[in-house]
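From just these sequences and the hints, can you work out the full model?
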Amino acid sequence: MNANNKKYVLIDNEEKYWEALTHLDTVEYVAYDTETTGLNVRKEKVIGFSFTGKVNEGYYFPLFYWDTETKSLLPHLFSSSDYYKNILKALKYKKLLMHNASFDVRVTLNYLNTNFLGNLHADTQLMEHTLNEEGPFALKEICIRKATELGLDSQDFANQEQLELKDSVIRNGGKWIDKQKDIYMGDLDIISKYACADVDLTLRLFQHNEQRLIKENLHDFFYNQEVMPLQKYVTIRMEHRGVHIDLPRLQELHQGITSDIIEYEKEVVEALYDTPAWSNYIQTKLEEYSVSCKGSFAQELCNYAGLELPTGANGKFLINKKTIEALPDSCWKKFLLTNDAHYLDHSSIWDIRCNLLKKDNETEYLINIQSKTQIGDLVFNYMGIEPLTKTAKGSLQYNEDFVESISKDHPWAEKLRVYNKLNKIKSSYYDRFLENHEDGVYWLITA
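For the sequence shown, the numbering used here assigns the number 1256 to the initial residue and increments by one for each residue that follows.
A couple of the hints might just be wrong.
Stated by the list, open to error - Heads up, simulated EDC-like pairs for lysine to aspartate or glutamate below, C-alpha to C-alpha not over 16 Å straight-line:
{"hint": "1", "residue 1": "K1401", "residue 2": "E1465"}
{"hint": "2", "residue 1": "K1676", "residue 2": "E1655"}
{"hint": "3", "residue 1": "K1261", "residue 2": "E1312"}
{"hint": "4", "residue 1": "K1614", "residue 2": "E1555"}
{"hint": "5", "residue 1": "K1470", "residue 2": "E1404"}
{"hint": "6", "residue 1": "K1679", "residue 2": "D1515"}
{"hint": "7", "residue 1": "K1298", "residue 2": "E1641"}
To be clear, the hints were calculated from the coordinates, so they are not data collected in a lab. Because the structure is a prediction, the values reported are computed rather than measured.
See below:
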């Protein structure tokens, strides 16, 4: 399918409105998607919604647009009428297809006061989960990988609108990073194409995976036995209501596991310090910091020695001939003026280098045990332990399986194995609930 043949319509006048209603009259299955100001289904605005019942087509109804002059989100003139409400009513008589339906169903109910749960037919993300446990599960990533199967003439077809929108958002002053994509700040015509492309791809994915479900004898399992019934009658309803949590107890458990993690980190590091390979490893790492009267070593020296030097706007010491000569005579002053390391004793150089390494590690220790690169370097290049596997590029692979495999023979590895498990439990079962609860109610953010 040639990209130039796409029919993506921005509904901004009566003629296009009637065209969209006529489109809905002629189809049974309709892909539906929302564009919002963020991921909180209870607080964010729906800036528009898209739908299609035919491949290579799409319709987008704008409720808001980003005004580049006032740098604010303004209501679209066409959204002040009942036009969008009539389209939503028409959609309630269709079998709706969504990718990550929980988000779109809940945000549509909360913001547009329309409940599509009853006529939700299929979630294409769950279809993909059912057919392929390994992923990917994001719409664009799936469609890029399956471009040929979905009838796309290239992988670019599945992603070109997103690239255009990214450029538009950044040009208008918005962010486009993993945890924040300010879609609402894009130009309206580009958002419209992006939204239409999403429902077009969703429809294509549905049609493709529908045949795969039948072929693999999973059709009844998906629609009747487990997947969609569980989502429609349990998951989405539970996510909409939220889950009440015992906040004081959760905070108590969080504090306890945090203390355990801190203690295990200390024990792992101390155990590594006791290994025969440690002295060679740490000596090599410290020597990476050149002894110099300039740069990071000089800055840390001034801090270490408590020198009373002025600082600049960036917080760094102003180290120049004038400021140094104003200092009282000392070995520090002589070194900063001459760059002669003989004025410094070995103990001071060691301490300064250690402080620099700790700052770079962002820990209070000389090694960051959460850094696979650092631990891998120590165990493979200094301890001489053989890896279980190598990466696709041929590098020695340090991972949890490796740590597990050597834990019985190396005390530090056993402690590290427990440390890693505790961190996983903390992030999965404590942090997520504490970060996403509102007044003791946990809300799952899915987008």
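Hint check, failures only: 7
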